[in-house]
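Quick mapping for you: the protein sequence lines, in order, are chains A and B.
Counting in numbering that gives the first Met the number 0, the first sequence runs from 0 upward without gaps.
Counting in numbering that gives the first Met the number 0, the second sequence runs from 0 upward without gaps.
Read the hints as simulated data drawn from the structure, not as lab findings.
Values in this document were obtained by computation on a predicted structure and should not be read as measured data.
Backbone N, C-alpha and C fix where the C-beta goes; we use that ideal spot for every residue, glycine too.
Each hint should be verified, as a subset may be incorrect.
Computed list of lysine-lysine pairs in DSBU-like fashion (alpha-carbon distance at most 35 Å, straight line) [claimed, not checked]:
# : chain 1 : residue 1 : chain 2 : residue 2
1 : A       : K21       : B       : K176
2 : A       : K328      : B       : K328
3 : B       : K48       : A       : K328
4 : A       : K274      : B       : K176
5 : A       : K174      : B       : K174
To list a few chain B residues with every Cβ distance to chain A over 10 Å, as calculated [to be verified]:
#  : residue
6  : G17
7  : Q32
8  : G189
9  : L238
10 : S381
Far from chain A by the CB rule (all over 12 Å, computed), these chain B residues [stated by the list, open to error]:
#  : residue
11 : G6
12 : P73
13 : V141
14 : L235
15 : P258
16 : E276
17 : A294
18 : P342
19 : S350
20 : D377
21 : A384
22 : Q404
Number of protein chains: 2
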Amino acid sequence: MAESAIGVGLIGCGTVGGGVAKLLREQAEVYAQRVGRPIVLCRLLDKEKDRVIQSGLADADIVTDDVDSFFDTPGMQVVIELAGGTGAASTFVQRALKAGQHVVTANKALLAEQGPELFALARKHDASIAFEASCGGGIPCVTALTFGLMANRIDALYGILNGTCNYILTEMTGKGKTYSKALADAQELGYAEADPTLDVTGGDTAHKIAILASLAFGVKITDGQVPARGVDQLDLNDLRFGAELGYDIKLLAIAERQPDGDSIGVGVEPCFIHKSELLAQVGGAFNALSVYGHAVGHTLYYGAGAGQMPTASAVVADVMNIAAGWYPKAFQAMRLTPDLHEPAMLADPDSLLSRYYLRINAMDKPGVIAKATAALGDAGISLSAVLQHETNAGSYVPVVIVTHQARRGDLLEAVRRIESMDVIEGPPVTIRIVDLPA
Amino acid sequence: MAESAIGVGLIGCGTVGGGVAKLLREQAEVYAQRVGRPIVLCRLLDKEKDRVIQSGLADADIVTDDVDSFFDTPGMQVVIELAGGTGAASTFVQRALKAGQHVVTANKALLAEQGPELFALARKHDASIAFEASCGGGIPCVTALTFGLMANRIDALYGILNGTCNYILTEMTGKGKTYSKALADAQELGYAEADPTLDVTGGDTAHKIAILASLAFGVKITDGQVPARGVDQLDLNDLRFGAELGYDIKLLAIAERQPDGDSIGVGVEPCFIHKSELLAQVGGAFNALSVYGHAVGHTLYYGAGAGQMPTASAVVADVMNIAAGWYPKAFQAMRLTPDLHEPAMLADPDSLLSRYYLRINAMDKPGVIAKATAALGDAGISLSAVLQHETNAGSYVPVVIVTHQARRGDLLEAVRRIESMDVIEGPPVTIRIVDLPA
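All chains should be modelled from the sequences, with the hints used to inform the complete structure.
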């Protein structure tokens, strides 16, 4: 070994932290070979000190539940933050950076909310923040986007970035389960948290696309700027109608450069994409990110978006890239992070163009469909398909309408008019149809 | 700009070189922002000097057809080698490295043949070689494999690494074209060279898997060690029978850690994979690489595997990573390249286990299939399916046999026995069926 050992402190020894400790212990020799110096886990901070010691993941004498004692550890040059959340975790990260320690984090909520400030703090103290694990779990999509695709003007990102939601949608589509049943199964299998709110409402996905879009477009976007709709309101019937039309449903994180070349349309919502698309083939708890660059065209990155060892794989790769000395240099030399960029010019969501799927419950009598579709026509929205099955049900029948490209604002206004008609029952269902670039 | 400009010399201004020159000119300002210093194309070497000048890709005064004059350019810190081949290109690369210049190359043939020597030479002279464009065109799979997945013991690679072959197979499968017709169409569209030999015989794919497997497994593999079979002998009938059984055909580059944990099975051949696999969805001239890591599980990288701008995207990213100063540091600090590794322990191809598809032309009379399958049984190979359609054709009928897992050596021996039977016409067709890991 040409260089001396590098000391690593770990905050939070839950599922992912346990995986990190395991990798650093089991692969110590291989990692030392690969980066040219030993990587030593020298301190571990966890509120549940006794549980960690009993788990045998680390020697008892390096485990502490005292924050000051953790940060006083001599020779600790890298701090891995896996505490989660935006409170204590933020304090920990700031304290490490101010001491010139490099930070590795999987904390998407923290970076989506406070990224610019924290990146600036790192820069000021000649430290760095590595965050591959914050988006797409084990998929090295941050590395690919920043270093591999750097010669491109990125035009669009389309991501399936939440394994819980993708599992739920795969079960609903493939096995005809209702949303509630699919969620319950995801919880039983450990794919969903006991409180799945942040996942199923799209909040977690919004964090990730805020981070990825900031990097891809060289702008500042925070999670509060990303309109998000989740999977929790989806009706199995719409997935079935969509399938008849050739579409699969996916919770997509979208960031698209608008035709003006400068503004960016960003959002998270369940979308229909054509079954033949590669993204439509991403099933179960897997994630994928499609990136469209002006030179490279379409590239896609696929893998496990969560889970103990996949996420630990990304965390430990970050630690190794810091230990090898190159990542801190890249972080300081390159203008990649949002602290160096202007706030994004975000397109007004109402101005975004797309095709749409609509489902209305129409009274089963002559002229109703004509009346409803006239509201669309009045808004300048033309139709590409209308689907109504024969039914022997009651007085209302579901009618599915597929539009050509329309401004979202115009569409929503027409939908409000349709909803107010006395021949229509309940609110119409609106789902965006995304035609991915060739 | 904190730092001074970095001078770049370009050898070979053909299709990809033209794309590189275009990107460096059009995006100069953006790139300078991203890496913190201007990147300046300061010299261009091409035998067809006049053509290059007339193309307007570069100022006439930087274009030369004189090698010495090229290398005498002051301030040239990076040399992009796009000459191709293993003769003059090798000389150019060596000359640059000996002068301490960093080299960026897309030359898979050169690296697969002389990689260890050239990497060692770079190391000796404190230079570096960047080669993202050598494998998978615009897909940043080298970056992902080396930096992003570094915490993993890689267990297997499965790659679709030649766009020409994948285009041909997609046309044969999807449109029922013969091999000759699909090749002619590929040539007309510019997907295949006038002399397509290196592509269609699997040689180009062998170069790429030699490079990728060397990196992934931390060993030394040269292209001569990779057994390769191409797509040029494929019969449309076998693709049809395979489709009936649920399979798609792909020219796969395979490198798999064997059950002993140390030896590696490596090769290139047309394989059947189940239609539901993500790799089966990779159509047309696109490429993809599936990587299985012990921690991350399955990840996949997809994009354009060739073409002017995608390949230029990878070349320029390499230049930018060198200009930013981090790549040379990573190259020197990390033990990634095959010059630092032992020759691979390659598994005897005959010892590799797989399932197989066989097609024989059997005389249409009682007992023939029993006789043929007995040869397999005698070799300890059991069958999972036998497919024989009713026919009103002549005296021989095609019979398709699918085996369970068998040693390749045993299978080929049984096939030789079957071929020698007087009730069998012509050589049996043998196609490996790859069951990708879960």
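Results of checking the hints against the structure:
With a C-alpha separation of about 52 Å, the suggested pairing of K21(A) with K176(B) is violated against the 35 Å cut-off. With a C-alpha separation of about 9 Å, the suggested pairing of K328(A) with K328(B) holds against the 35 Å cut-off. Distance restraint check for K48(B) and K328(A): the Cα-Cα separation of roughly 38 Å exceeds the 35 Å cut-off, and the hinted pair is therefore not satisfied. In summary, the hint linking K274(A) to K176(B) is supported, as the alpha carbons are separated by about 24 Å, within the 35 Å threshold.
Restraint check: the Cα-Cα separation between K174(A) and K174(B) comes to about 31 Å, which is no more than 35 Å; the hinted pair holds. Remark: the non-interface label on G17(B) is consistent with the geometry, its nearest Cβ contact in chain A lying 13 Å away (cut-off 10 Å). Against the 10 Å criterion, Q32(B) falls within the reach of chain A, whose nearest CB is about 6 Å from its own CB. Its beta-carbon lying about 15 Å from the closest one in chain A, G189(B) satisfies the requirement of being farther than 10 Å from that chain.
Remark: the non-interface label on L238(B) is consistent with the geometry, its nearest Cβ contact in chain A lying 19 Å away (cut-off 10 Å). The Cβ of S381(B) sits about 31 Å from the closest Cβ of chain A, beyond the 10 Å cut-off, so the non-interface label holds. With a closest Cβ-Cβ approach of about 18 Å to chain A, G6(B) is found to remain outside the 12 Å limit, as its non-interface label requires. Taking the minimum C-beta to C-beta distance to chain A, about 24 Å, the non-interface status of P73(B) holds against the 12 Å cut.
With a cut of 12 Å on Cβ distances, V141(B) falls inside the contact zone with chain A, its closest approach being about 8 Å. Chain A leaves L235(B) outside its interface by the beta-carbon criterion, the shortest separation being 23 Å against a cut-off of 12 Å. With 12 Å as the threshold on Cβ separation, the claim that P258(B) sits away from chain A holds: the shortest Cβ distance comes to roughly 20 Å. For E276(B), the non-interface assignment is contradicted: its Cβ lies about 9 Å from the closest Cβ of chain A, within the 12 Å cut-off.
Interface exclusion of A294(B) from chain A breaks down, the closest Cβ pair being 4 Å apart, not more than 12 Å. A cut-off of 12 Å between C-beta atoms confirms that P342(B) is not in contact with chain A; the least separation is 17 Å. With a least beta-carbon separation of about 26 Å from chain A, S350(B) lies farther than 12 Å from that chain, consistent with its non-interface assignment. Residue placement check: D377(B) keeps its beta carbon more than 12 Å from all beta carbons of chain A (closest about 41 Å).
Listed as outside the interface, A384(B) is consistent with that label: its C-beta sits roughly 25 Å from the nearest C-beta of chain A, beyond the 12 Å cut-off. The claim that Q404(B) lies off the interface holds: its Cβ sits roughly 26 Å from the closest Cβ of chain A, which is beyond the 12 Å cut-off.
The structure shown violates the earlier hints numbered 1, 3, 7, 13, 16, 17.
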